[in-house]
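There are 2 protein chains.
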Amino acid sequence: MTVAKEDVRSLAETAKAASRVLAIAPTEQKDAALRSMARHLRAAAPALLAANAEDVAAARAAGKNAAFVDRLLLDASRLEAMARAVEAVADLKDPVGEVTEHWKRPNGLQVSKVRLPLGVVLMIYESRPNVTSDAAALCLKSGNAVLLRGGSESARSNQAISAALSTGLREAGLPERCVQVVPAGEHESLLELLKLEGLIDLCIPRGGEGLIRFVAENARIPVVKHYKGVCHVYVHEAADLDMATRITVNAKASRPGVCNAAECLLVDRAVAERFLPEVGRALADKKVELRGCPTAVAVLSRAGVPVKPAAEDDFGREFLDLILAVRVVKDVDAALAHIARYGSEHTEAIVTQDKEVAARFTREVTASGVMWNASTRFNDGGELGLGAEIGISTSRLHAFGPMGLRELTSQKYVVHGRGQVR
Amino acid sequence: MTVAKEDVRSLAETAKAASRVLAIAPTEQKDAALRSMARHLRAAAPALLAANAEDVAAARAAGKNAAFVDRLLLDASRLEAMARAVEAVADLKDPVGEVTEHWKRPNGLQVSKVRLPLGVVLMIYESRPNVTSDAAALCLKSGNAVLLRGGSESARSNQAISAALSTGLREAGLPERCVQVVPAGEHESLLELLKLEGLIDLCIPRGGEGLIRFVAENARIPVVKHYKGVCHVYVHEAADLDMATRITVNAKASRPGVCNAAECLLVDRAVAERFLPEVGRALADKKVELRGCPTAVAVLSRAGVPVKPAAEDDFGREFLDLILAVRVVKDVDAALAHIARYGSEHTEAIVTQDKEVAARFTREVTASGVMWNASTRFNDGGELGLGAEIGISTSRLHAFGPMGLRELTSQKYVVHGRGQVR
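Chains as they are written, first to last, in the numbering used here: chain A, 1 to 422; chain B, 1 to 422.
Next up, chain A with everything else stripped away, as it sits in the complex (with noise of 0.2 Å):
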């Protein structure tokens, strides 16, 4: 499918008159559409898996690998996971409208911040089919229009998948164009509609350093990053080990390809003696591959458990695999500064009894999310209780971490008087 750039303008157009409409819809009719949208997912099964087998069939003709064919497979498992998803957002509390703030003035004026939506969004994205029907919920639920840009390899699904969620708007009398897909893997397209400033008010890439890169330094439009984490877990001298060993196992292992897996375990020198043999033995176990430094290489081969030492650029790297990089550090001072210099300001955990310590770790540690005592596979919108995510953001402007429907409007101020002038 060839898309003209005149035909990305209009496309963005429609969208931008659509968010005005959705920007003032009652709550009870998003939540119709949504739940509307949900029904229409599934009775779209048939021709949705078909389209979904055609994108499969040609990523394996591709010469896709496994993992890359399973991240775009549907089928009426995740499906149905995709549906239920939907109807998540229409149980969560809408944020338009919601007065955040409200204070008198001594003139006798009230002033309340009440959030509104940002207006369009412009998703973009790679092969995961369920981003598509995700992202939708959540931009419709916080009244946002949005163009949803998955990968190429997707674009049968994708379509399929935004047939049904138009089904479900028109059902609720919403426009269609709240949601639309843009056509994919068209580099000009892409760079168009990054350019088109006044109609897109927010930008969301989520995908590899490449897409992101690109993104970033094309836009003119706002963007928030949602780019790599290099998280860490810094165990302290004065931790509880057994929790420090669970903590590490849960951080690096229990999902070793998502962005908030701890990537680098750092060990105060005065427990490294008695926690890296254990650690290390625990991590073995689930095939984890240790990176050490020096101190770490030599402690663990003294156990007799197996490491490699660690390349330097083994630290700051993201592996998204059963890899972890060790090192031995003097105290927290250097663990500090080397988060400062490696993180990349997305979860960094440290394990300790000392509360002083741990007040100090979360005040200095610029990340978007700080954890003490607990597992770096918490930064995420489900398990903080922001209802469902739109992805994790690692820019610090409008929004940090993960992002739900707050994250996705603005705030205006509503003051109202008795005739004050100045």
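The set of hints was computed from the structure by calculation and includes no laboratory data.
Take the hints with a grain of salt, since some may be wrong.
Chain copies aren't distinguished; within one or between two, either way the pair holds.
What the hints assert, rightly or not - Cross-link-like lysine-lysine pairs, in silico, DSS-like; alpha carbons within 27 Å at most: (1) 355 - 104; (2) 113 - 93; (3) 16 - 330; (4) 308 - 228; (5) 228 - 287.
Remember, it's a predicted structure, so these values are computed and weren't measured experimentally.
Could you slot chain B onto chain A? The hints should help.
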């Protein structure tokens, strides 16, 4: 003064390094620095006023008009006001470390949202030298290093102000590089600054349309625009008409050159015959030129109030002068449609005694400030109680409306567990 490309980058690198120190500086140290900065502004009066006199002489020699020269001019009382404004920021609450929300998850995790600085702020502005000390004070208190890029016409003044501020920082033991003036007037160096992604966390342009557009088109760093205000006063048929006159006159004539001044009056047809002559005479007393739609022209002319026919582009225009466009509208729907088409999302006001209509207006209007029975002029950080403002954002992302200390921060999730894993 000439700055090479590498120098601009190294300037930003020193700002980034300084921002790391400042981010965790105690409130007392930041406040001591602010008070010391104010003292040194006063102490530097002779040198500072001499530098300003050179800027003023150069502006006069270049044939700049009186308004321009007045914006540039410093005297003893303006300098004292600058010093007091810096001290006033020391008296404001430190936003850094503020816990804005706290909740507990079913698994026992304690989740907090905690404010942290943005990092490095690049302020781009035009002639007023007081912006240099105001922006420096607000950024310092909110833990952000700042790069100040004022207009070339105020370069000598800004350097002198910056020297005084540096002395204050040094005295309080904070890095001088927390506040740096970037040499003005070079297109090249500005372009380079706008590309320093990862080093500059936020760019705030304040100034004319040309400046804002240049920044928006060339920036790869996040920008929060402080753009024009095309503000409306809508007088609903159920308005208290005396109140409506007071508000209209204040909104237009109290300070016509600012962005929260009204540029257009919308009047319900049902009250046009009663209201327009009254408000027309009051505006004429303040030397306001009226440019009306055909109905407004007819009504005002019959009442003997001077009025010109409005050109189509008088609607949606930011006059920044004693000129007001006037349109008679059928009802609140027509008023909302006019505002959606011609407004700039800055400030919109309704005058009415009807609560339901007011509720609809405040809900449906997209603007950073929506006023019910109050002047548009109240959409201002000081007036709303933010203490001080670095500007008024007209972008919905990150901050919308007056930006105070809080709007110069982000928030991180801090999670406290007892060894929880997923």
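A quick look at each hint next to the structure:
In this homomeric assembly, residue 355 and residue 104 come within 27 Å of each other (Cα to Cα) only across copies, at 19 Å, whereas the closest approach inside a single copy is 38 Å. In this homomeric assembly, residue 113 and residue 93 come within 27 Å of each other (Cα to Cα) both inside a single copy, at 17 Å, and across copies, at 19 Å. Within a single copy, residue 16 and residue 330 get their C-alpha atoms only as close as 55 Å, which misses the 27 Å cut-off; across copies the closest is 26 Å, which meets it. Proximity of residue 308 to residue 228 under the C-alpha cut-off of 27 Å is restricted to the intra-copy arrangement: shortest distance 24 Å within a copy versus 60 Å between copies.
Taking the shortest Cα distances, residue 228 and residue 287 sit within 27 Å of each other inside one copy (23 Å), while across copies they are farther apart (59 Å).
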